[in-house]
Amino acid sequence: MSAEKLSVVGRPAPKVDGPELVTGRARFAADFNFPGMLYGCARRAGVPAGRIRSIDTAEALQVPGAAAVLTGGDIPGPNLIGILPPYDQPLLATEEVRYEGESLALAVATTREAARRAAAAVRVRIDPLPPILTLEEALAAGARRIHPNGNITYQKKLVKGDVNRGFAQAEVVVENTYRTSFQEHAYMEPEAAVAVPGGDGRITVYASCQSPFHLRGHIAANLGVPASRVRVIQAYTGGSFGGKDDVATEIGSLAALAAVRCGAPVMIAHERAESIIGSNLRHAARIRYRTGARRDGTLVARQAEILLDGGAYASESPFVTLKALTHAAGPYLVPNVYVEAATVYTNKTYCGAFRGFGVPQVTFASESQLDELALELRMDPLELRRRNALKAGLPTATGQVFAQSVGLVQTIDRIAELRRAAGPPGGEAAGEPAGGTYPALRSTPGERYRFGRGVACLLHGISNGAEGVDVVGASVQVSQDGSALVGVGLTDFGQGSRTVYAQVASEVLGIPVERITVRQADTDSVHDSGPTVASRSTTVGGMAVLKAAREVAASLRAMAASMFKCPEDRVQLREGCAALAGQGEARIPLGEVAAAAYWSGLPLMHLAFSRAPDARFDHETHQGDVYIAYSFGTHLMDVRVDAWTGRVEVLRHLAAYDVGRAINPLLLEGQVEGGALIGFGLAHLERVETEGGHIQNANFADYALPTILDRLPTETLVVEDPNPTGPFGAKGVGEPPVAGTAAAFANAVADALGLRFTRLPITREDIVAGLEAGAAGGAAGPAGAKVKGKEAEHG
Amino acid sequence: MLLEFTCNGSPVRLEAEPAMRALDLIRDRLGLTGTKEGCGRGECGACTILVDGRPLNACLLYAAKLQGREVLTVEGLARGAELHPLQVAFLEAGAVQCGYCTPGMLLSAKALLDRHPHPSLSQIEEALSGNLCRCTGYAKIVRAVERAADRLHAQGAAPGAQRRPAAGGGRA
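One line per chain: the protein sequences are A and B, in this order. Mapping of the first sequence onto the working numbering: position 345 corresponds to residue 345, and the numbering continues sequentially without gaps. Mapping of the second sequence onto the working numbering: position 52 corresponds to residue 1052, and the numbering continues sequentially without gaps.
It should be emphasised that the hints constitute simulated quantities derived from the structure, not laboratory data. One or more of the hints may lead you astray.
What the hints assert, rightly or not - Below are the SDA-like pairs computed for lysine to any residue, each with C-alpha atoms no more than 25 Å apart in a straight line:
1. B:K1065 to A:L6
2. A:K391 to A:V172
3. A:K547 to A:G624
4. B:K1065 to A:T111
Claimed, not checked - Derived, one-sided and incomplete: chain A residues facing chain B with beta-carbon distance under 7 Å:
5. T23
6. R272
7. A704
8. I708
Keep in mind that this is a model prediction, so the values were computed, not measured. Built from N, CA and C at the ideal position, the CB exists for glycine as well.
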């Protein structure tokens, strides 16, 4: 495949939808305006747990401008949403309150303000229940059941080899418990949807969303109408990162119900606080970990117990649990692995998909273990990883073997090479290099600035794999003027997949990218392709575009061959023309070829399916083929820690990824840089604070989102070990930089301070407190060093 | 009250509630939905507009404060089909992902370049520190502003310069 000569794939093409976005023309859901449009606003519970005694809407209906107030009883369908079984979340709760953001009623009014006032005027009586706020409380014997089947949302185990025998062979064992906190997606666009009833018995919903077919299904079910009566059009979507899956189904369904009830368009647009409280978060986690190795560093056994705090509803917790489970052993050859993973219900905002999907939590734990082991073995951390790295032909933790596209060692070697060239961390800035296991120099206690270097390796399963059927449909239509329209059942919410699809189609059809339009997803005209998740857009979506484009290209090539009077295999489609191979001058514009093809009755549109090979594995042990491919990466981070203030400055950040093939290096860098800063936030700045089941920092003044001053000097390094299941060999890279950055950060700080923090985020306060405790002769020390925090409800 | 001001070079005259937010006036009354609401509390910068050349959060500004001023929104950056050098640089540098923060970023950057045609790195950081972005990681945004500054320098003057000669010292 690498011998293939490509002209469009591999170029840093700017985003195809960029001009709309920089001019303000792009319409996001809250930008729509229809005559007679009403606004909806939910009355939320405001208490984390309780039994609903009554919901009285009379007063709310008296608020000037109020048009209607809906409660659960007004919903013709099942009054349920959810991305996966057990579909346990009510649209408007009628019996029980399970978190503070629980919606109890929807007020509809002529203005946003009136809707808000009417929502506030809904009188609710709730008998409060003692909220269950921590993993420990949820799992305690006799704990109140948040859902009828108990407080465990989902649990699975992974068994490879014999972990006890493995540990018996180990010469060194490290063991620790790690925690991570809730993280907010904080996409800049709060959620919004507009439902417009049509005169034809149908309803159209414009939504800021990630998975329009989930939305269509839930809207139809809750309206009690066939799905064919519902049309969902994705509006420009201002970021999602996994977060607009559940909540879009919630507000899209509510808007549709209200629109049908009122016979008018209805918009629901969240404010920021509602967006933080009323939509899913990244799971907080508690991970117990043990790793055993021989003296030479060879891993022999790994064991982990992963507990995820999933909040009030299941959302995507089952698959997040599964992904954490299958990634817990890291990108290493480990003969004996035993992992138990579970998600637990608590009375807090529900958790679901967030870029990384369980992998950042386990990668932080697993990579911390590797460094603790390296310290015990007095071995270079990168060398320890290289020694155990997965390679083509070696089994993963699930026993899956890939014949190619396992580029981990190449990423390690790229990093090692640059590390040699770079010298010690902070070397230039520090004058006298200080700190770090790498240069084997550590700054003396009392010195203000400490330098450290951390590395982390990771793998990330691409596409749905074990998480369900994996099909994407794409259509390619060429017009008589030689332009092309591409439709894919997946959504672009900023990551640039529309541009990637345009490049793939352009490569195959020879039509310039500027003459290709990739439409926003519209359930009326694209195939149900499942959710836009799991770093699958480029890989599985791109493959579908490739297949559809090839079919249409065959028509163009056949037509051009008959025009040239030559065999088809001599026709090349490039630069907007059909050209005769070997004869530079002979070319016909594609517009002429397409028009001729039309008049000859050749098909100029094709709908193709990319179906990834099914996952095949044992559901008890999770041994088998789980994912179609993995992306592999290695991060290196140099930091300077200010021991007085706890401030961590990142001096260098290298991120090397095996992406199979870089379709668009510019957008790829954007994915790595953007994901890295979310990882940095997770590791150093961000934590959704809850107290008594109430989120304390549901705004950007108190929730520490990284600003331009926090940006990282990320340098993206690309390794291309082609993946046979992706277009031109490509693999996704949207998610992994979050995990790699967070893990490398934790290791860099540990290296700088000689003090390992086992909880994310490692905030400035944590660092100062940890150093003080260390100076007092408390926690400081090598591998086992821990800074204990209280068992907080936010993880 | 009767409000009269200039928006994107054109005179605007309308009757409006003085306590209305400038953001709602611009989006709902003028239909200029390129200005975005991200937080409603002046914490994210998505609603940044220029008032007499000065970047302000339209969510914290009363509509009455626009009286007699000159307002620039993202819709007024390009001249017809010709994009402003900042818009071009944002596209070329990959500084746009979801695009929701982009209008505010562009206007904060324009205010900076109008005042400091050759901004230092710390001036760029300061000028954009009130504009949050969750997608890009910011590095490409910084690069885009540097690139636009270079291009404006090469062109000799900012295309917006004729419209608003003395862009410093805003008074809103």
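Evaluated hints:
no. : hint              : result
1   : B:K1065 to A:L6   : 56 Å, violated
2   : A:K391 to A:V172  : 24 Å, holds
3   : A:K547 to A:G624  : 28 Å, violated
4   : B:K1065 to A:T111 : 23 Å, holds
5   : T23               : 6 Å, holds
6   : R272              : 4 Å, holds
7   : A704              : 11 Å, violated
8   : I708              : 5 Å, holds
Going through the hint list in order, the structure does not satisfy hints 1, 3, 7.
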